[in-house]
Structure formats: C-alpha cells, structure tokens
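Visitor: So you can see what is in the structure, the chains are spelled out below.
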Amino acid sequence: NAGVTQTPKFRVLKTGQSMTLLCAQDMNHEYMYWYRQDPGMGLRLIHYSVGEGTTAKGEVPDGYNVSRLKKQNFLLGLESAAPSQTSVYFCASSYLQGGRNTEAFFGQGTRLTVV
Amino acid sequence: GIQVEQSPPDLILQEGANSTLRCNFSDSVNNLQWFHQNPWGQLINLFYIPSGTKQNGRLSATTVATERYSLLYISSSQTTDSGVYFCAIRPGNTNAGKSTFGDGTTLTVKP
Numbered sequence: 004n005a006g007v008t009q010t011p012k013f014r015v016l017k018t019g020q021s022m023t024l025l026c027a028q029d030m031n032h033e034y035m036y037w038y039r040q041d042p043g044m045g046l047r048l049i050h051y052s053v054g055e056g057t058t059a060k061g062e063v064p065d066g067y068n069v070s071r072l073k074k075q076n077f078l079l080g081l082e083s084a085a086p087s088q089t090s091v092y093f094c095a096s097s098y099l100q101g102g103r104n105t106e107a108f109f110g111q112g113t114r115l116t117v118v
Numbered sequence: 014g015i016q017v018e019q020s021p022p023d024l025i026l027q028e029g030a031n032s033t034l035r036c037n038f039s040d041s042v043n044n045l046q047w048f049h050q051n052p053w054g055q056l057i058n059l060f061y062i063p064s065g066t067k068q069n070g071r072l073s074a075t076t077v078a079t080e081r082y083s084l085l086y087i088s089s090s091q092t093t094d095s096g097v098y099f100c101a102i103r104p105g106n107t108n109a110g111k112s113t114f115g116d117g118t119t120l121t122v123k124p
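The listed protein sequences derive, respectively, from chains A and B.
FYI, the numbering for the first sequence is 4 to 118, going by my numbering.
FYI, the numbering for the second sequence is 14 to 124, going by my numbering.
Wrong hints could be hidden among the right ones.
Simulated crosslink set (EDC-like; lysine to aspartate or glutamate; CA at most 16 Å straight-line) [to be verified]:
no. : chain 1 : residue 1 : chain 2 : residue 2
1   : B       : K67       : A       : E55
2   : B       : K111      : A       : E82
3   : A       : K73       : A       : E55
Across the chosen pairs, the derived CB separations fall in these ranges [as the list claims (entries may be wrong)]:
no. : chain 1 : residue 1 : chain 2 : residue 2 : range
4   : B       : G29       : A       : Q20       : 41 to 51 Å
5   : B       : D23       : A       : G102      : 37 to 47 Å
6   : A       : P42       : B       : Y86       : 40 to 50 Å
7   : B       : E28       : A       : K60       : 42 to 52 Å
8   : B       : S88       : A       : A5        : 38 to 48 Å
9   : A       : D65       : B       : D116      : 30 to 40 Å
10  : B       : Y86       : A       : Q111      : 39 to 49 Å
11  : A       : K74       : B       : G29       : 17 to 27 Å
12  : B       : D116      : A       : K12       : 41 to 51 Å
13  : B       : E18       : A       : T10       : 31 to 41 Å
14  : A       : T57       : B       : D40       : 18 to 28 Å
15  : B       : N51       : A       : K74       : 48 to 58 Å
Think of the hints as simulated: they come from the structure by calculation, not from any bench.
C-beta atoms are modelled at their ideal positions from N, C-alpha and C, and glycine is treated no differently.
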C-alpha cells in the first residue's frame with residue numbers, strides 16, 4: 004500500500020513549456036486534491052475532484068487544468084508555465100465514511116521551478 | 014470563506030520542554046486535521062480531530078468545535094519535532110472536500 008504517490012518529484016521548466024503532474028492513490032479514496040505551497044505559507048487549493056470524471060476549481064485555479072479519468076489518478080496540467088508557478092505541489096486524497104468526507108492523506112510533493 | 018488562524022507563528026524550545034499550539038477558526042467545521050511538515054517538506058498526518066480529544070504518544074490534540082478552536086500539545090519535545098505544524102479545516106456547510114490551511118507554527122527544538 005503506497006498511499007499517495009506523485010510523479011515527478013522535481014522538475015525545471017522554461018517559461019512557456021507545458022507539463023503534467025501525476026498523482027496516484029491506491030486507497031480507493033473518493034476525493035482527490037491538488038495544492039500549491041509557496042515559501043513561508045500554508046497550502047492553497049488549486050483544483051479538486053469528488054469522484055471519477057468530475058473536477059472543480061479551488062482557491063487558485065488560474066493557469067492549471069486537471070483531469071480525473073480514473074478513480075485512482077488525478078492529473079495536474081500546466082499548459083504554458085510561468086515563473087509565478089514556481090512552487091511545491093502537493094496531491095492529497097480523502098475518503099468517505101458514513102457519507103462524511105474525513106481524513107486527507109498527502110503525497111510527498113513535487114518541487115517545480117519555472118525559469 | 015472560513016478563516017483559520019494559528020498561534021504562535023514561531024516557537025523555539027529547549028529539548029524536553031512542553032508546548033501548546035493553537036488553531037482558531039471562524040465558522041463551524043466538518044473536520045479538522047493537524048499536520049507536521051518536517052524539514053524535508055513531507056506532510057505527516059498527526060490527528061484527524063473534528064471534536065474531542067486524542068492522544069498519540071507525546072502528542073495530543075483537543076478540538077472544542079462550539080468555541081471554534083483546537084489545541085495541539087507536544088510534551089517532552091525532541092529535536093525531531095522541529096518543523097511546521099499546520100491545522101487544516103473543512104467547513105461544516107459543505108461536504109465537497111475543500112480544506113483551508115492555516116499559515117502554520119514553525120517549531121524549532123534545540124538540543
């Protein structure tokens with residue numbers, strides 16, 4: 004049971020390049036999330052998904068797109084990277100218990116630098 | 014949206030000391046979690062505690078939902094406790110999964 008796994012762990016992009024971050028969870032969780040963390044700050048929600056085939060915007064969605072074609076995977080895309088997107092990205096998943104969304108578990112993070 | 018305020022922002026302790034970290038929130042919550050972000054950036058689940066009290070070794074947490082705060086207690090601190098402690102709140106008016114993180118308390122434990 005690997006939990007939540009993010010790929011890649013590190014990446015350097017040039018401005019204008021595109022890339023996709025992959026998040027995979029093997030816990031059969033319903034909900035999945037993408038956050039970004041900037042230096043000295045807490046995490047801010049980019050997008051989230053409440054189930055396969057559904058996505059929704061979070062607090063800071065601009066410049067990102069997501070897809071959840073399979074329950075276990077949640078992809079975060081940057082179509083045209085900008086230096087302002089330099090950050091550490093975290094994926095998380097959470098489960099339903101008695102119809103209630105409960106504890107969230109996080110991946111190890113992806114450190115992205117846009118130059 | 015819900016406001017989450019953590020205090021103190023920074024805390025420096027000698028090894029062996031005890032500490033209390035506080036998380037205040039502005040609205041009713043559906044759930045609350047405490048995390049430890051270690052110096053390598055990894056987020057470690059400490060407690061899922063929408064209400065009541067839980068203990069795990071030297072750590073314990075209490076959430077008083079009616080008064081809109083949660084406390085994290087660290088006893089007999091060790092250098093490995095250093096890092097940033099976050100509380101994350103999911104508001105009570107939705108089950109959609111959105112969490113709001115506080116800005117964290119940075120704890121430094123000196124040997």
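Visitor: Is the distance from the Cβ of K74 (chain A) to the Cβ of G29 (chain B) consistent with 17 to 27 Å?
Guide: violated (46 Å)
Visitor: Is the hinted range of 39 to 49 Å satisfied by the C-beta distance from Y86 (chain B) to Q111 (chain A)?
Guide: violated (27 Å)
Visitor: Does the Cβ-Cβ separation between N51 (chain B) and K74 (chain A) fall within 48 to 58 Å?
Guide: violated (29 Å)
Visitor: Look at the Cβ atoms of T57 (chain A) and D40 (chain B) and judge whether their distance stays inside 18 to 28 Å.
Guide: holds (25 Å)
Visitor: Range first: 30 to 40 Å. Now tell me if the beta carbons of D65 (chain A) and D116 (chain B) are that far apart.
Guide: Hint violated: Cβ distance 22 Å, outside 30 to 40 Å.
Visitor: Indicate whether the distance between the beta carbons of D116 (chain B) and K12 (chain A) respects the range 41 to 51 Å.
Guide: violated (25 Å)
Visitor: Would you say the C-beta atoms of S88 (chain B) and A5 (chain A) sit inside 38 to 48 Å of each other?
Guide: violated (32 Å)
Visitor: For a C-alpha distance cap of 16 Å, please report whether K111 (chain B) and E82 (chain A) respect it.
Guide: violated (24 Å)
Visitor: Quick one, are K67 (chain B) and E55 (chain A) close enough, alpha carbons at most 16 Å?
Guide: Violated. K67 (chain B) to E55 (chain A) sits at ~33 Å, over the 16 Å cutoff.
Visitor: Has the given pair, K73 (chain A) with E55 (chain A), been kept, meaning a C-alpha gap of at most 16 Å?
Guide: With a Cα-Cα distance of about 6 Å, the restraint between K73 (chain A) and E55 (chain A) holds, given a limit of 16 Å.
Visitor: Mind checking the hinted window 40 to 50 Å against the Cβ distance between P42 (chain A) and Y86 (chain B)?
Guide: Since P42 (chain A) and Y86 (chain B) have Cβ atoms about 28 Å apart, the given range 40 to 50 Å is violated.
Visitor: Is the hinted range of 37 to 47 Å satisfied by the C-beta distance from D23 (chain B) to G102 (chain A)?
Guide: holds (40 Å)
Going through the hint list in order, the structure does not satisfy hints 1, 2, 6, 8, 9, 10, 11, 12 and 15.
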